[in-house]
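> One-letter residues, chain by chain:
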Amino acid sequence: MKALDRKWVWIWGALLLVILLILPFLFKNYRVFQFNLVLVYAIAILGLNVLTGFNGQFSLGHGAFYAFGAYTAAILMDKLGVPYWATLPAAFVFCFGFGILMGFPALRLAGHFLALATFALALAVPQLLKYKHIEHLTGGVQGIVLTKPEPPFSFRFLDQPFSSDRWLYYFTLAVAALMFLLVWNLLRGRVGRALIAVRDHPIAATAMGINLTLFKSMTFGVSAGITGLAGALGAIVVAFVSPDSFTVNLSIFLLVGVVVGGLASIPGAIFGGIFIQFVPNIADEISKSAPAAIYGLVLIGFMYLLPMGVMGGLYKLWFRLRSKASG
Amino acid sequence: MRLKPLTLAVAGLASLLISGAALAQKKYDTGASDKEIKIGGISPYSGPASAYGAIGKAISAYMNKVNDEGGVNGRKLNFISLDDGYNPAKTVEQARKLVEEEEVLFVFNTLGTPPNSAIHKYMNSKKTPQLFVSTGATKWGDPKNFPWTMGWQPSYQSESKVFAAHILETKPNAKIAILYQNDDYGKDYLKGFEDGLGDKAKSMIVSKISYEVTDPTIDSQMVSLKGSGADTFFNITTPKFAAQAIKKAAEIGWKPTHYLNSVSASVGSVMIPAGAENGVGIFTASYLKDPTDPQFQKGKEWDDFVAFMKKYMPNADIKDVNHTFGYTVSQGLVQVLKQAGDNLTRENIMKQAASLDMTLPMLLPGVNVKTGPDDFYPIEREQLARFDGKTWVLFGKVYGR
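Chains as they are written, first to last, in this note's numbering: chain A, 1 to 327; chain B, 1 to 401.
I should point out that these hints are in silico values taken from the structure, not numbers from a laboratory.
Hints may be right or wrong, so weigh each one.
[Stated by the list, open to error] Each computed SDA-like pair below joins lysine to any residue, with the alpha-carbon atoms no more than 20 Å apart:
#1 Lys38/B to Glu285/A
#2 Lys187/B to Gln127/A
#3 Lys28/A to Glu101/B
#4 Lys132/A to Lys208/B
#5 Lys175/B to Ala250/B
#6 Lys127/B to Ala354/B
#7 Lys121/B to Pro149/A
#8 Lys28/A to Glu103/B
#9 Lys310/B to Val321/B
#10 Lys127/B to Ser163/A
#11 Lys208/B to Ser224/B
#12 Lys121/B to Ile75/A
#13 Lys126/B to Ser164/A
#14 Lys351/B to Gly372/B
#15 Lys132/A to Lys310/B
#16 Lys38/B to Gln352/B
Computed from a predicted structure; not experimentally measured.
Taking the hints into account, I'd like the entire structure generated from these sequences.
Right, here's the structure in full:
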């Protein structure tokens, strides 16, 4: 049974990989661009999930880290001529540092107080970005228009050219795969267990020798860094940043993505990304008068049917099927 | 019997020639055909600026009216309007959807300066018109660098030129103080004003002070502006600060001739909070007929508008000036399409948009739409209005161009 399981995992995994690799050539550039955004959001949600899902710290301000990452990439590319791929590590490091700074007050603020503090950060970001003394860097209200990276080589496949959107798809996919792998690796061992222990019972965790200060602030840093990296990637994909792209709604949508995908579930982030990318579009197609209301209804329906998120629902289904098969 | 193949061949040749001639007359780019013209729109139906969604709805309603009446040159208008929630990143996505997926002929009346900035370069690199955008920034009229983008309403700069012209006429020796918001919008207004005063700008402007949109109040700025000894005040502020400025001027006993930019010419959100009695005599400028102004609520033009609203937007508020805006800009578009005739290429759309000279029913009398190959500012004329304690009263001539 076990060997059979593993064989199927390999077969399905290989099939999924092939689908992911030929996907951009089956769709128009515009759709590929949307897939890129799904991947970007998935990385951002992954970052937030490390903090909220695994470590139990609520943040309503991750849109701010996303914005800082995006601006780091935009300024580096626009003002210093740094190649686009080199801006990702820079965005990670910058947001990591910033996240640790945010993490210190987080030690004193628990639960909903932390949510409010981070919410304030999200509210402040669009205004900070318009601040006049940094306007020569940020471009003020106008934002910064970027140039899309050209693919390094050209070929045709299935009668479709290898466009810059398709190149960015592979680039984003590779970065996303790397981030998911790193997070999975980080969380499946000692560190992951420590994070969950801190979430579930901080006092017991301290008694067992876990350094609460270190773990909480490092988690905040890593989480902010990953989300910031997603922001940088988002800036490259959209090729434009401006303060109004990063309003408080973004932070809320990221949290929605975490919950919809499944709290404390790594693959759930992908479903979260799909949700926050496509559901607003569907809502817009259903009604022009109240797209936000439709969005809300879909969200309520989702939470009612899948209270544990998409991954929670999938696990439930999987266990039911297995118990049927064995019983 | 022997002739039949020959007749057929001749007939075939003749029909080929005829259809060839017909093809030469009709020219289409992506999005246009014998039956319909596909037009894209992006409006904030959700999000912080969703009040402006009314414009997009009015445009859709007007397109329905045009189609019920047979379309333009026999073609139906297929208006595909998408929501961007005033988020520039979303605007990019929606613009790409319209151009690459829906394959529209052009994009029409996208709203807001940040969203339009986000797609400015993209639309021009795709050589797809970004026609009659809803924002007052001056950068939309730059045919040399961005030949595929055109504005619609008076730009901030042309409005402040109207104020400058009025000052030069009525008070040539005025000492002017200016308060402006320190961003693109404020600087746009300031530049137009200084250009409008021309050589006299240096001697007439005695003080100009800026504020940040994040400042809590502008009290200290008002005190120093009064201290400059100015007798004329140009108030370039957004609604909250406009109300503060009007109130503070009254409190410190400063009574200059006061010009208020149209951005804040709202009775409900500026004049009443500032204290209606403090605002009596303030000047502003406008170009659209205000649907609440009784002097315009008569005549064929008004009846047509009311009939349109009743039939196509039965549940909407007729007093909302956004509907008047959508109605008017749609009429501008229909004129462009009429002029384009059967030559529905993107190039010809821009060419026709750049050769307009007309008036429209809901524009103020004397305000026209005029463009040229080097003039991508369709509406530049405005009329001044004075606040009488209750509403804005239009007076004097129409300024601009």
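> Hint by hint, note whether the structure agrees.
Taking the hints in turn, this is what the structure says about them:
Distance hint between Lys38/B and Glu285/A is fulfilled; the C-alpha atoms sit about 17 Å from each other, no more than 20 Å. Between Lys187/B and Gln127/A the CA atoms are separated by roughly 18 Å; this keeps the pair inside 20 Å, and the hint holds. Taken as a hint, the Lys28/A and Glu101/B pair is honoured in the structure, with Cα atoms around 7 Å apart against an allowance of 20 Å. Pair hint Lys132/A plus Lys208/B holds up; C-alpha atoms about 17 Å apart against a cutoff of 20 Å.
Of the pairs offered as hints, the one joining Lys175/B and Ala250/B holds, with about 19 Å between alpha carbons and a cut-off of 20 Å not exceeded. Pair hint Lys127/B plus Ala354/B holds up; C-alpha atoms about 16 Å apart against a cutoff of 20 Å. With a CA separation close to 15 Å, the supplied pair Lys121/B and Pro149/A stays within the 20 Å bound. Distance restraint check for Lys28/A and Glu103/B: the Cα-Cα separation of roughly 12 Å lies within the 20 Å cut-off, and the hinted pair is therefore satisfied.
For the suggested pair Lys310/B and Val321/B, the alpha carbons sit about 15 Å apart, so the restraint of at most 20 Å is met. Restraint check: the Cα-Cα separation between Lys127/B and Ser163/A comes to about 18 Å, which is no more than 20 Å; the hinted pair holds. For the proposed pair Lys208/B and Ser224/B, the alpha carbon gap of about 10 Å is at most 20 Å, so the pair holds. The straight-line distance between the Cα atoms of Lys121/B and Ile75/A is roughly 18 Å, inside the 20 Å bound, and the hint therefore holds.
Between Lys126/B and Ser164/A, the direct Cα distance comes to roughly 14 Å. Compliance with the 20 Å bound is thereby established for this hinted pair. Only pairs whose Cα atoms come within 20 Å are accepted, and Lys351/B paired with Gly372/B is accepted, the gap being roughly 9 Å. Between Lys132/A and Lys310/B the alpha-carbon distance is near 47 Å, which puts this suggested pair outside the 20 Å criterion. Taking the CA atoms of Lys38/B and Gln352/B, the gap is about 17 Å. The hint holds against a cut of 20 Å.
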